[in-house]
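Whenever a hint applies, use it, and build me the whole structure from the sequences.
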Amino acid sequence: SATETVRCLREGLFRLAFQPVIEAKTRTPVFHEALLRMVDPAGEVITAVHLIPIAEKLGLVRLIDRAVAQMVVASLHKYSDARLSLNLSGTTATDPRWYPQIIEMLASNRAVTDRLTIEITETVALGDLHETVRFVEQLRELGCRVAIDDFGAGFTSFRNLRALPIDMLKLDGTFCRDLAGNGDNTYFVRSLIDMARTFNIQTVAEWVESEEDAVLLRDWGIDLMQGNLFGEAILQAPWPAAKEAAAAGARSPFVLPSEIEWDSALAETPVLREEDLASLPAEPAEAAAPWNPVSEPAASVTDSGTSADSPEDGATKTVVQSFEHALSGELSKLRDAISALDQALKGDRSAKAAEPSFADLVSDTARRATG
134 SATETVRCLR
144 EGLFRLAFQP
154 VIEAKTRTPV
164 FHEALLRMVD
174 PAGEVITAVH
184 LIPIAEKLGL
194 VRLIDRAVAQ
204 MVVASLHKYS
214 DARLSLNLSG
224 TTATDPRWYP
234 QIIEMLASNR
244 AVTDRLTIEI
254 TETVALGDLH
264 ETVRFVEQLR
274 ELGCRVAIDD
284 FGAGFTSFRN
294 LRALPIDMLK
304 LDGTFCRDLA
314 GNGDNTYFVR
324 SLIDMARTFN
334 IQTVAEWVES
344 EEDAVLLRDW
354 GIDLMQGNLF
364 GEAILQAPWP
374 AAKEAAAAGA
384 RSPFVLPSEI
394 EWDSALAETP
404 VLREEDLASL
414 PAEPAEAAAP
424 WNPVSEPAAS
434 VTDSGTSADS
444 PEDGATKTVV
454 QSFEHALSGE
464 LSKLRDAISA
474 LDQALKGDRS
484 AKAAEPSFAD
494 LVSDTARRAT
504 G
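Numbering (this note's numbering), first residue to last: 134 to 504.
The reader is advised that the hints may include incorrect statements.
Listed next, with one range per pair, are the computed distances between beta-carbon atoms [to be verified]: (1) Pro-229 / Lys-158: 36 to 42 Å; (2) Arg-330 / Arg-267: 23 to 29 Å; (3) Ala-370 / Asp-317: 37 to 43 Å; (4) Pro-186 / Glu-144: 43 to 49 Å.
FYI, nobody ran anything at the bench for these hints, they're computed from the structure. No experiment lies behind these values; they were computed from the predicted model shown. Ideal placement from N, C-alpha and C gives every residue a C-beta, glycine not left out.
Next comes the structure, spelled out in C-alpha coordinates:
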(Lines of atoms letter the chains of each structure in order from A; the text may use other names.)
(Lines give C-alpha, C1' and ligand atoms only; values in the text may rest on other atoms or scores of the structure.)
Protein backbone atom coordinates (compact mmCIF):
# COMPACT_ATOMS: atom_id res chain seq x y z
CA SER A 134 0.00 0.00 0.00
CA ALA A 135 0.95 3.66 -0.19
CA THR A 136 1.43 3.89 3.56
CA GLU A 137 3.73 0.86 3.70
CA THR A 138 5.89 2.32 0.92
CA VAL A 139 6.12 5.66 2.73
CA ARG A 140 6.99 3.92 6.00
CA CYS A 141 9.79 2.04 4.27
CA LEU A 142 11.26 5.27 2.96
CA ARG A 143 10.93 7.25 6.18
CA GLU A 144 11.85 4.53 8.68
CA GLY A 145 14.60 2.79 6.72
CA LEU A 146 12.79 -0.54 6.39
CA PHE A 147 14.33 -1.36 3.03
CA ARG A 148 17.10 -3.94 2.95
CA LEU A 149 19.57 -5.08 0.33
CA ALA A 150 19.97 -8.67 -0.79
CA PHE A 151 23.16 -9.68 -2.57
CA GLN A 152 23.37 -12.17 -5.45
CA PRO A 153 26.77 -13.17 -6.87
CA VAL A 154 27.79 -12.67 -10.49
CA ILE A 155 30.54 -15.20 -11.20
CA GLU A 156 33.37 -15.56 -13.71
CA ALA A 157 32.33 -18.20 -16.24
CA LYS A 158 35.56 -20.22 -16.29
CA THR A 159 36.64 -20.12 -12.65
CA ARG A 160 33.19 -19.59 -11.07
CA THR A 161 34.59 -17.12 -8.60
CA PRO A 162 32.43 -14.09 -7.68
CA VAL A 163 33.34 -10.92 -9.58
CA PHE A 164 30.67 -8.67 -8.08
CA HIS A 165 27.23 -8.92 -6.47
CA GLU A 166 23.99 -7.36 -7.64
CA ALA A 167 22.24 -5.43 -4.84
CA LEU A 168 18.52 -6.22 -4.94
CA LEU A 169 15.78 -4.35 -3.08
CA ARG A 170 13.95 -6.15 -0.28
CA MET A 171 11.66 -5.21 2.59
CA VAL A 172 11.30 -7.22 5.78
CA ASP A 173 7.83 -6.79 7.29
CA PRO A 174 7.10 -6.93 11.05
CA ALA A 175 6.34 -10.65 10.77
CA GLY A 176 9.78 -11.30 9.33
CA GLU A 177 8.56 -12.00 5.80
CA VAL A 178 10.88 -10.84 3.03
CA ILE A 179 9.06 -8.84 0.33
CA THR A 180 10.75 -8.46 -3.05
CA ALA A 181 10.87 -5.44 -5.34
CA VAL A 182 8.32 -7.10 -7.63
CA HIS A 183 5.64 -6.22 -5.07
CA LEU A 184 7.02 -2.80 -4.09
CA ILE A 185 7.99 -1.10 -7.33
CA PRO A 186 4.55 -1.17 -9.09
CA ILE A 187 3.00 0.70 -6.15
CA ALA A 188 5.89 3.14 -6.04
CA GLU A 189 5.61 3.83 -9.76
CA LYS A 190 1.88 4.47 -9.46
CA LEU A 191 2.42 6.93 -6.62
CA GLY A 192 5.39 8.70 -8.19
CA LEU A 193 7.74 7.44 -5.46
CA VAL A 194 10.04 5.28 -7.55
CA ARG A 195 12.65 8.05 -7.80
CA LEU A 196 12.85 8.27 -4.03
CA ILE A 197 13.24 4.49 -3.82
CA ASP A 198 16.01 4.61 -6.42
CA ARG A 199 17.83 7.22 -4.37
CA ALA A 200 17.34 5.28 -1.14
CA VAL A 201 18.73 2.12 -2.76
CA ALA A 202 21.67 4.04 -4.23
CA GLN A 203 22.45 5.45 -0.79
CA MET A 204 22.33 1.98 0.77
CA VAL A 205 24.61 0.58 -1.93
CA VAL A 206 27.14 3.39 -1.46
CA ALA A 207 26.98 2.83 2.31
CA SER A 208 27.64 -0.89 1.79
CA LEU A 209 30.66 -0.13 -0.40
CA HIS A 210 32.07 2.03 2.39
CA LYS A 211 31.32 -0.60 5.02
CA TYR A 212 32.66 -3.57 3.06
CA SER A 213 35.95 -2.70 1.40
CA ASP A 214 35.99 -6.04 -0.47
CA ALA A 215 32.55 -5.53 -1.99
CA ARG A 216 31.90 -4.81 -5.65
CA LEU A 217 28.23 -4.08 -6.30
CA SER A 218 25.76 -3.30 -9.04
CA LEU A 219 22.37 -1.64 -8.71
CA ASN A 220 19.51 -1.34 -11.14
CA LEU A 221 18.03 2.13 -11.65
CA SER A 222 14.49 2.60 -12.92
CA GLY A 223 13.94 4.27 -16.25
CA THR A 224 12.09 7.07 -14.50
CA THR A 225 15.26 8.12 -12.72
CA ALA A 226 17.79 7.31 -15.42
CA THR A 227 16.13 9.46 -18.09
CA ASP A 228 14.78 12.32 -15.96
CA PRO A 229 17.20 15.29 -16.06
CA ARG A 230 15.54 16.67 -12.93
CA TRP A 231 16.38 13.56 -10.91
CA TYR A 232 19.45 11.72 -12.11
CA PRO A 233 21.67 14.68 -11.09
CA GLN A 234 20.91 13.64 -7.50
CA ILE A 235 22.49 10.26 -8.16
CA ILE A 236 25.46 11.96 -9.82
CA GLU A 237 25.81 14.37 -6.89
CA MET A 238 25.83 11.55 -4.36
CA LEU A 239 28.39 9.52 -6.33
CA ALA A 240 30.60 12.58 -6.83
CA SER A 241 30.68 12.95 -3.04
CA ASN A 242 31.80 9.34 -2.70
CA ARG A 243 34.54 8.96 -5.31
CA ALA A 244 36.41 6.56 -3.02
CA VAL A 245 33.94 3.77 -3.83
CA THR A 246 32.66 4.50 -7.34
CA ASP A 247 35.28 2.29 -8.99
CA ARG A 248 33.58 -0.68 -7.28
CA LEU A 249 30.08 0.21 -8.50
CA THR A 250 28.19 -0.80 -11.65
CA ILE A 251 24.95 0.97 -12.61
CA GLU A 252 22.44 -1.15 -14.53
CA ILE A 253 19.86 0.37 -16.89
CA THR A 254 17.35 -1.78 -18.76
CA GLU A 255 17.62 -1.90 -22.54
CA THR A 256 14.11 -0.66 -23.30
CA VAL A 257 14.54 2.29 -20.93
CA ALA A 258 17.96 3.22 -22.30
CA LEU A 259 16.50 3.59 -25.78
CA GLY A 260 13.37 5.43 -24.65
CA ASP A 261 15.37 8.66 -24.40
CA LEU A 262 18.74 7.89 -25.95
CA HIS A 263 20.04 11.46 -25.65
CA GLU A 264 19.44 11.70 -21.89
CA THR A 265 20.70 8.15 -21.35
CA VAL A 266 23.98 8.94 -23.11
CA ARG A 267 24.41 12.06 -20.95
CA PHE A 268 23.74 10.09 -17.77
CA VAL A 269 26.05 7.22 -18.77
CA GLU A 270 28.90 9.57 -19.67
CA GLN A 271 28.67 11.28 -16.27
CA LEU A 272 28.64 7.92 -14.48
CA ARG A 273 31.75 6.78 -16.32
CA GLU A 274 33.53 10.06 -15.58
CA LEU A 275 32.98 9.30 -11.89
CA GLY A 276 34.58 5.87 -12.26
CA CYS A 277 31.41 3.76 -12.35
CA ARG A 278 30.87 0.96 -14.81
CA VAL A 279 27.60 0.90 -16.74
CA ALA A 280 25.61 -2.15 -17.83
CA ILE A 281 22.56 -2.59 -20.05
CA ASP A 282 20.23 -5.01 -18.28
CA ASP A 283 17.78 -7.46 -19.90
CA PHE A 284 19.63 -7.06 -23.19
CA GLY A 285 17.94 -8.73 -26.16
CA ALA A 286 14.37 -8.12 -24.99
CA GLY A 287 14.18 -4.70 -26.65
CA PHE A 288 15.77 -5.63 -30.00
CA THR A 289 18.31 -2.81 -29.92
CA SER A 290 19.71 -1.66 -33.25
CA PHE A 291 23.48 -1.68 -33.77
CA ARG A 292 23.51 2.09 -34.17
CA ASN A 293 21.94 2.60 -30.75
CA LEU A 294 24.25 0.08 -29.12
CA ARG A 295 27.33 1.84 -30.48
CA ALA A 296 25.99 5.21 -29.29
CA LEU A 297 25.96 4.06 -25.66
CA PRO A 298 29.39 4.13 -23.95
CA ILE A 299 28.72 1.02 -21.86
CA ASP A 300 30.95 -1.63 -20.29
CA MET A 301 28.65 -4.60 -19.97
CA LEU A 302 25.61 -6.36 -21.46
CA LYS A 303 23.46 -8.52 -19.20
CA LEU A 304 21.64 -10.89 -21.54
CA ASP A 305 17.93 -11.25 -20.83
CA GLY A 306 17.39 -14.38 -18.76
CA THR A 307 14.59 -15.69 -20.96
CA PHE A 308 17.19 -16.43 -23.64
CA CYS A 309 19.66 -18.14 -21.28
CA ARG A 310 17.55 -21.08 -20.10
CA ASP A 311 17.10 -24.58 -21.57
CA LEU A 312 19.63 -23.77 -24.26
CA ALA A 313 20.36 -27.36 -25.25
CA GLY A 314 16.81 -27.91 -26.45
CA ASN A 315 16.16 -24.52 -28.02
CA GLY A 316 17.87 -23.84 -31.33
CA ASP A 317 16.50 -20.31 -31.67
CA ASN A 318 17.85 -19.22 -28.28
CA THR A 319 21.16 -20.92 -29.02
CA TYR A 320 21.74 -18.93 -32.21
CA PHE A 321 20.48 -15.74 -30.59
CA VAL A 322 22.70 -15.97 -27.51
CA ARG A 323 25.80 -16.99 -29.46
CA SER A 324 25.29 -14.08 -31.84
CA LEU A 325 24.87 -11.65 -28.95
CA ILE A 326 28.09 -12.89 -27.33
CA ASP A 327 30.04 -12.64 -30.59
CA MET A 328 28.77 -9.15 -31.38
CA ALA A 329 29.43 -7.87 -27.85
CA ARG A 330 32.99 -9.16 -28.14
CA THR A 331 33.34 -7.19 -31.38
CA PHE A 332 32.54 -4.01 -29.43
CA ASN A 333 34.83 -5.09 -26.55
CA ILE A 334 31.82 -5.24 -24.21
CA GLN A 335 31.67 -7.75 -21.36
CA THR A 336 28.69 -10.17 -21.35
CA VAL A 337 26.68 -11.58 -18.44
CA ALA A 338 24.12 -14.40 -18.73
CA GLU A 339 21.21 -14.01 -16.29
CA TRP A 340 18.86 -16.65 -14.83
CA VAL A 341 21.35 -19.51 -15.22
CA GLU A 342 19.70 -22.38 -13.37
CA SER A 343 21.24 -25.59 -14.75
CA GLU A 344 24.74 -27.00 -15.05
CA GLU A 345 24.09 -27.87 -18.69
CA ASP A 346 23.28 -24.26 -19.58
CA ALA A 347 26.30 -23.01 -17.62
CA VAL A 348 28.69 -25.28 -19.53
CA LEU A 349 27.24 -24.26 -22.90
CA LEU A 350 27.46 -20.55 -22.08
CA ARG A 351 31.04 -20.92 -20.91
CA ASP A 352 32.02 -22.77 -24.08
CA TRP A 353 30.38 -20.07 -26.23
CA GLY A 354 32.54 -17.40 -24.62
CA ILE A 355 30.23 -15.77 -22.08
CA ASP A 356 32.27 -13.73 -19.59
CA LEU A 357 30.09 -13.82 -16.47
CA MET A 358 27.01 -15.69 -15.22
CA GLN A 359 24.32 -15.00 -12.63
CA GLY A 360 21.57 -17.26 -11.33
CA ASN A 361 20.45 -19.49 -8.47
CA LEU A 362 22.84 -22.20 -9.70
CA PHE A 363 25.67 -20.09 -8.27
CA GLY A 364 23.86 -18.57 -5.30
CA GLU A 365 20.53 -17.01 -4.39
CA ALA A 366 20.15 -13.42 -3.24
CA ILE A 367 20.78 -13.26 0.52
CA LEU A 368 20.32 -10.52 3.10
CA GLN A 369 23.54 -11.39 4.91
CA ALA A 370 26.50 -9.52 3.44
CA PRO A 371 29.10 -12.04 2.19
CA TRP A 372 32.11 -9.87 3.12
CA PRO A 373 33.68 -8.83 6.44
CA ALA A 374 33.08 -5.24 7.48
CA ALA A 375 35.97 -2.85 6.95
CA LYS A 376 37.95 -2.25 10.15
CA GLU A 377 37.45 1.51 10.07
CA ALA A 378 33.68 1.06 9.66
CA ALA A 379 33.51 -1.46 12.50
CA ALA A 380 35.52 0.82 14.76
CA ALA A 381 33.01 3.59 14.10
CA GLY A 382 30.10 1.39 15.08
CA ALA A 383 29.49 0.38 11.44
CA ARG A 384 28.30 3.88 10.64
CA SER A 385 28.61 4.67 6.96
CA PRO A 386 30.80 7.71 6.22
CA PHE A 387 29.18 8.52 2.91
CA VAL A 388 27.90 12.01 2.11
CA LEU A 389 24.24 12.49 1.23
CA PRO A 390 23.15 14.85 -1.54
CA SER A 391 21.11 17.92 -0.74
CA GLU A 392 17.37 17.49 -0.39
CA ILE A 393 15.19 18.97 -3.13
CA GLU A 394 11.58 20.02 -3.47
CA TRP A 395 10.35 16.60 -4.58
CA ASP A 396 10.76 15.28 -1.03
CA SER A 397 8.18 17.61 0.47
CA ALA A 398 5.25 15.26 -0.12
CA LEU A 399 7.12 12.44 1.58
CA ALA A 400 8.23 14.53 4.55
CA GLU A 401 4.69 15.82 5.19
CA THR A 402 2.94 12.46 4.85
CA PRO A 403 1.92 11.06 8.25
CA VAL A 404 2.79 7.42 8.88
CA LEU A 405 -0.07 5.31 10.19
CA ARG A 406 0.23 3.00 13.13
CA GLU A 407 0.72 -0.69 12.41
CA GLU A 408 -2.86 -1.48 13.42
CA ASP A 409 -4.14 1.11 10.94
CA LEU A 410 -2.59 -0.55 7.88
CA ALA A 411 -5.43 -3.05 7.52
CA SER A 412 -7.91 -0.17 7.20
CA LEU A 413 -6.34 1.31 4.09
CA PRO A 414 -8.38 1.20 0.86
CA ALA A 415 -7.75 -1.86 -1.25
CA GLU A 416 -5.26 -1.58 -4.09
CA PRO A 417 -6.92 -1.14 -7.52
CA ALA A 418 -7.28 -4.29 -9.61
CA GLU A 419 -4.90 -4.81 -12.52
CA ALA A 420 -7.65 -4.21 -15.08
CA ALA A 421 -8.82 -0.98 -13.48
CA ALA A 422 -8.46 2.36 -15.25
CA PRO A 423 -5.32 4.42 -14.50
CA TRP A 424 -5.42 5.87 -11.02
CA ASN A 425 -6.17 9.60 -10.85
CA PRO A 426 -5.84 10.99 -7.31
CA VAL A 427 -7.49 14.27 -8.29
CA SER A 428 -10.72 12.99 -9.79
CA GLU A 429 -11.25 9.55 -8.23
CA PRO A 430 -12.78 9.24 -4.76
CA ALA A 431 -11.27 7.01 -2.10
CA ALA A 432 -12.44 3.40 -2.12
CA SER A 433 -15.57 2.83 -0.07
CA VAL A 434 -14.49 -0.57 1.21
CA THR A 435 -11.21 -1.22 2.97
CA ASP A 436 -8.99 -4.33 2.94
CA SER A 437 -10.68 -5.48 6.13
CA GLY A 438 -14.15 -5.18 4.58
CA THR A 439 -15.37 -2.28 6.74
CA SER A 440 -16.63 1.03 5.43
CA ALA A 441 -13.93 3.66 4.89
CA ASP A 442 -16.53 6.30 5.76
CA SER A 443 -17.06 5.08 9.32
CA PRO A 444 -16.05 7.53 12.10
CA GLU A 445 -13.20 5.35 13.36
CA ASP A 446 -11.66 5.32 9.87
CA GLY A 447 -11.92 9.08 9.36
CA ALA A 448 -8.30 9.69 10.31
CA THR A 449 -7.12 7.03 7.88
CA LYS A 450 -9.18 8.52 5.04
CA THR A 451 -7.79 11.99 5.78
CA VAL A 452 -4.21 10.70 5.70
CA VAL A 453 -4.72 8.90 2.39
CA GLN A 454 -6.42 11.92 0.79
CA SER A 455 -3.65 14.21 2.04
CA PHE A 456 -1.03 11.89 0.57
CA GLU A 457 -2.85 11.67 -2.76
CA HIS A 458 -3.22 15.45 -2.96
CA ALA A 459 0.47 15.99 -2.22
CA LEU A 460 1.44 13.69 -5.08
CA SER A 461 -1.16 14.79 -7.62
CA GLY A 462 0.98 17.58 -9.04
CA GLU A 463 3.92 15.27 -9.68
CA LEU A 464 1.67 12.62 -11.24
CA SER A 465 0.23 15.26 -13.58
CA LYS A 466 3.75 16.19 -14.69
CA LEU A 467 4.54 12.54 -15.30
CA ARG A 468 1.42 12.06 -17.41
CA ASP A 469 2.28 15.15 -19.47
CA ALA A 470 5.82 13.88 -20.00
CA ILE A 471 4.57 10.45 -21.05
CA SER A 472 2.12 12.05 -23.49
CA ALA A 473 4.86 14.22 -25.00
CA LEU A 474 7.17 11.23 -25.32
CA ASP A 475 4.42 9.21 -26.99
CA GLN A 476 3.87 11.96 -29.56
CA ALA A 477 7.60 12.21 -30.21
CA LEU A 478 7.87 8.47 -30.73
CA LYS A 479 4.93 8.50 -33.14
CA GLY A 480 6.62 11.25 -35.12
CA ASP A 481 9.87 9.25 -35.37
CA ARG A 482 8.21 5.96 -36.26
CA SER A 483 8.49 6.36 -40.01
CA ALA A 484 12.18 7.31 -39.76
CA LYS A 485 13.02 4.36 -37.54
CA ALA A 486 11.08 1.83 -39.57
CA ALA A 487 13.78 1.64 -42.23
CA GLU A 488 16.54 0.83 -39.74
CA PRO A 489 17.17 -2.92 -39.22
CA SER A 490 16.60 -4.00 -35.63
CA PHE A 491 19.00 -6.01 -33.54
CA ALA A 492 16.66 -9.01 -33.86
CA ASP A 493 16.67 -8.73 -37.67
CA LEU A 494 20.46 -8.65 -37.79
CA VAL A 495 20.82 -11.58 -35.38
CA SER A 496 18.27 -13.61 -37.35
CA ASP A 497 20.21 -12.87 -40.53
CA THR A 498 23.43 -14.00 -38.82
CA ALA A 499 21.76 -17.22 -37.72
CA ARG A 500 20.44 -17.92 -41.24
CA ARG A 501 23.90 -17.45 -42.71
CA ALA A 502 25.44 -19.71 -40.06
CA THR A 503 23.01 -22.53 -40.84
CA GLY A 504 22.82 -21.95 -44.59
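How the hints compare with the structure:
no., hint, verdict
1, Pro-229 / Lys-158: 36 to 42 Å, "holds (41 Å)"
2, Arg-330 / Arg-267: 23 to 29 Å, "holds (27 Å)"
3, Ala-370 / Asp-317: 37 to 43 Å, "holds (39 Å)"
4, Pro-186 / Glu-144: 43 to 49 Å, "violated (21 Å)"
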